[in-house]
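Peer 1: With chain D fixed as given, assemble chain U onto it according to the hints.
If you're matching them up, the sequences are chains D and U in order. For the first sequence, position 222 (counting from the first letter as 1) is numbered 225 according to our numbering, and the numbering increases by one without interruption. For the second sequence, position 119 (counting from the first letter as 1) is numbered 122 according to our numbering, and the numbering increases by one without interruption.
Just so you know, these hints were derived from the structure itself, not from any lab. Treat each hint with caution, since some may be false.
Treat identical chains as interchangeable: a pair holds within one or across any two.
To be verified - Calculated lysine-lysine pairs in the BS3-like style (CA-CA distance at most 27 Å, straight line):
(1) 12 x 80
(2) 197 x 165
(3) 26 x 165
(4) 24 x 211
(5) 151 x 165
(6) 30 x 179
(7) 172 x 220
(8) 151 x 139
(9) 41 x 12
(10) 280 x 235
(11) 165 x 179
(12) 235 x 26
(13) 179 x 99
(14) 242 x 139
(15) 211 x 99
(16) 238 x 68
(17) 276 x 242
(18) 151 x 109
(19) 132 x 151
(20) 179 x 151
2 protein chains.
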Amino acid sequence: MSFSFYIIKASGEKELFDINKFKRSLKRCGAPTKLIMKIARKIEQLPDIRTTRQIYAFALTELEKANPVLAALYNLKQALLRLGPSGFPFEQFVAKIFNAQGYMIKLNQIVPGYCVDHELDLTAIKGKKHIMVECKFHNRQGLKSDVKIPLYIKARFDDIEKAWHLDPKHGHEFHKALITTNTKFTIQARDYAKCVGIQLLDWSYPRKANLPLLIQKYSLYPVTTLTTLSHKEQKLLIKKGIVLCQDISENEWALKEVGLTARQRQHVIRNAKELCKFTYA
Amino acid sequence: MSFSFYIIKASGEKELFDINKFKRSLKRCGAPTKLIMKIARKIEQLPDIRTTRQIYAFALTELEKANPVLAALYNLKQALLRLGPSGFPFEQFVAKIFNAQGYMIKLNQIVPGYCVDHELDLTAIKGKKHIMVECKFHNRQGLKSDVKIPLYIKARFDDIEKAWHLDPKHGHEFHKALITTNTKFTIQARDYAKCVGIQLLDWSYPRKANLPLLIQKYSLYPVTTLTTLSHKEQKLLIKKGIVLCQDISENEWALKEVGLTARQRQHVIRNAKELCKFTYA
Numbered sequence: 004m005s006f007s008f009y010i011i012k013a014s015g016e017k018e019l020f021d022i023n024k025f026k027r028s029l030k031r032c033g034a035p036t037k038l039i040m041k042i043a044r045k046i047e048q049l050p051d052i053r054t055t056r057q058i059y060a061f062a063l064t065e066l067e068k069a070n071p072v073l074a075a076l077y078n079l080k081q082a083l084l085r086l087g088p089s090g091f092p093f094e095q096f097v098a099k100i101f102n103a104q105g106y107m108i109k110l111n112q113i114v115p116g117y118c119v120d121h122e123l124d125l126t127a128i129k130g131k132k133h134i135m136v137e138c139k140f141h142n143r144q145g146l147k148s149d150v151k152i153p154l155y156i157k158a159r160f161d162d163i164e165k166a167w168h169l170d171p172k173h174g175h176e177f178h179k180a181l182i183t184t185n186t187k188f189t190i191q192a193r194d195y196a197k198c199v200g201i202q203l204l205d206w207s208y209p210r211k212a213n214l215p216l217l218i219q220k221y222s223l224y225p226v227t228t229l230t231t232l233s234h235k236e237q238k239l240l241i242k243k244g245i246v247l248c249q250d251i252s253e254n255e256w257a258l259k260e261v262g263l264t265a266r267q268r269q270h271v272i273r274n275a276k277e278l279c280k281f282t283y284a
Numbered sequence: 004m005s006f007s008f009y010i011i012k013a014s015g016e017k018e019l020f021d022i023n024k025f026k027r028s029l030k031r032c033g034a035p036t037k038l039i040m041k042i043a044r045k046i047e048q049l050p051d052i053r054t055t056r057q058i059y060a061f062a063l064t065e066l067e068k069a070n071p072v073l074a075a076l077y078n079l080k081q082a083l084l085r086l087g088p089s090g091f092p093f094e095q096f097v098a099k100i101f102n103a104q105g106y107m108i109k110l111n112q113i114v115p116g117y118c119v120d121h122e123l124d125l126t127a128i129k130g131k132k133h134i135m136v137e138c139k140f141h142n143r144q145g146l147k148s149d150v151k152i153p154l155y156i157k158a159r160f161d162d163i164e165k166a167w168h169l170d171p172k173h174g175h176e177f178h179k180a181l182i183t184t185n186t187k188f189t190i191q192a193r194d195y196a197k198c199v200g201i202q203l204l205d206w207s208y209p210r211k212a213n214l215p216l217l218i219q220k221y222s223l224y225p226v227t228t229l230t231t232l233s234h235k236e237q238k239l240l241i242k243k244g245i246v247l248c249q250d251i252s253e254n255e256w257a258l259k260e261v262g263l264t265a266r267q268r269q270h271v272i273r274n275a276k277e278l279c280k281f282t283y284a
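Next up, chain D with everything else stripped away, as it sits in the complex (with noise of 0.2 Å):
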C-alpha cells in the first residue's frame, strides 16, 4: 500500500510524512517489529491526523496500552522538557549524571576568576578530575544552543584558570568545563568547542554518549517520563525534589503527599521499577 500526507511539524512547517522514520523512532524505544507494524497501520488509516503533535500522541497512547515502559520511553525528548519552566530541575538531573559516573557534586557555586566571581551551575569532582558544568535548559525541541554559549564559557573558564595560576595555595583546578543541554548544539557550537576543549553533551552528541545514551546506561530516567502520572503529579514531585523514577520506591511519601490513594502509588512504583530494569539490547 502506498500512502502519503503532509504534517504540520511543531514549527509550523509542512513536510511529507515519513512512515520509516515514525517506525524508526518506535523502533529505538524497543517495541517489537509485530506492534510498531500495528501502529503504522492504524496511523494511516486515521485521515484526521494530520499535525505531528497528533501522531506522537496517538502512538503514545498506543504503546501506553501495549506496554507503559515503551511509552516511557518513548516520551523521553518530551520528558526532559517537561523538567522547566526553570532549569533548576534539569541541574538536578544533570547532577545525578554525573554522580551515577562517580563524580562529587556540587551545585550553584561562586568561584572567584582573575576579573570577576563567576556562579557555576554545577562542578563535579572525582580524584584529581574537576569539571566545571553549564546547563543550558530549553522549554521548547527547536530550541538550539548557539556558539555564544561555548563562547562565554570559554571566557569565563580562561578567567577562573586565570586567577588560579595566581594563587599558589589554591587546592584544586578545573580541568575541563562541559555544557549540557536538553536540546542541541548548533553545528558552530560543537566546532567552536571541540577546536577550543570544551566537552558538550546534548540530545544526540557526542554520538556514543550523549542525554539518552546515559539515561538507558544508568537508568536515570525523569519521572517526566512516566505516563502513569499526570503531568500536574509530575511538577509536584519535581517540588518534592524528586527528580528520577529511581528514587520513586523508597520514597512513596511524595506519592502519597501528591494525592496518590495506594493503588495508585504500587502501580506507579511498579512502572518506575520496570522502567529503571530497562536497558538497550
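Peer 2: Coordinates of chain U only, in the frame set by chain D:
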C-alpha cells in the same frame, strides 16, 4: 508644601515619589525652571496619577505643549526602546554614532576566527584603529545586559585575534572590541569588560561619553524621539531606512510615502531641525 505619595514603577515595585528626582529629569532635557515648577505643581495636584508611566506621559504632554523639542529630549530613553522590536535599527543607529566620529562602517561582516567564523554586527575603522562592535538591543527598560555578553565577546575577540596572528598576510587588525546596549550593563559586566579591556557604551556609561551625551553632541536623535510623528509613522520611516531626525529634511519623499500632508511634513521637518540644533549648555 509637603506632599508625598507612592508610585508604581514599570517593574511593579512601589516607591515613594521623589519630586526632586522628577525635577532633575526635566532639567536634564533643558526645560526652564519656571516650566519645571509649573509641571511639578500640577503633578502634585493630580491625585489620580499613581504609576511612573502616567507621570511620564503627563510630563511629556506638558512639555509638548510648551516646546516639542523639550518633549523629544525627555523622550530619548523611550525613543531608543522604540527602535525595536528587531535589533537592526539600533545597529544602524550605532553605525551613525561611529560615522559621526569619523569611522568607516561595515555592517554584518563575517570574519574568520581560529576555530569558527564570526558574524560581527559592526566593524568601525579609522586609520589604524579598528573596532569590532557588538550591539545588544533590549525592548524593555528594566532588561540589563549581563556579564555573559562581554564574556562571549572576549572569547570571540581572542578567536579572531588568534587567526590573524597565524596569517602573515592579514591586512588589518582589531585593536579593540566595544559593546553597546540601549539600556544598561550590570556592574559585573562593567567590571569584567574593564578588566579585559573591552569598551562598553550604554545609557549611563561611560559617565562622560554615554549614549545620551553622544546623541546630543552629534545631534543623532532617532526619529522615534519626535512626538510630532505617531509610533506607526515612526516605524514606517525606520523601515524606509530613515533612522535619524537629521536625515528627515533631505528625505521629504519618505514623509510623503508615510502618508503625511504637505503641511504635516513641514511641521515635522521644522521640528526635526529644531531638535538637531539643540545641544546642552
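Peer 1: Of all the hints numbered above, which does this structure not satisfy? Sort the numbers upward.
Peer 2: 3, 6, 7, 12
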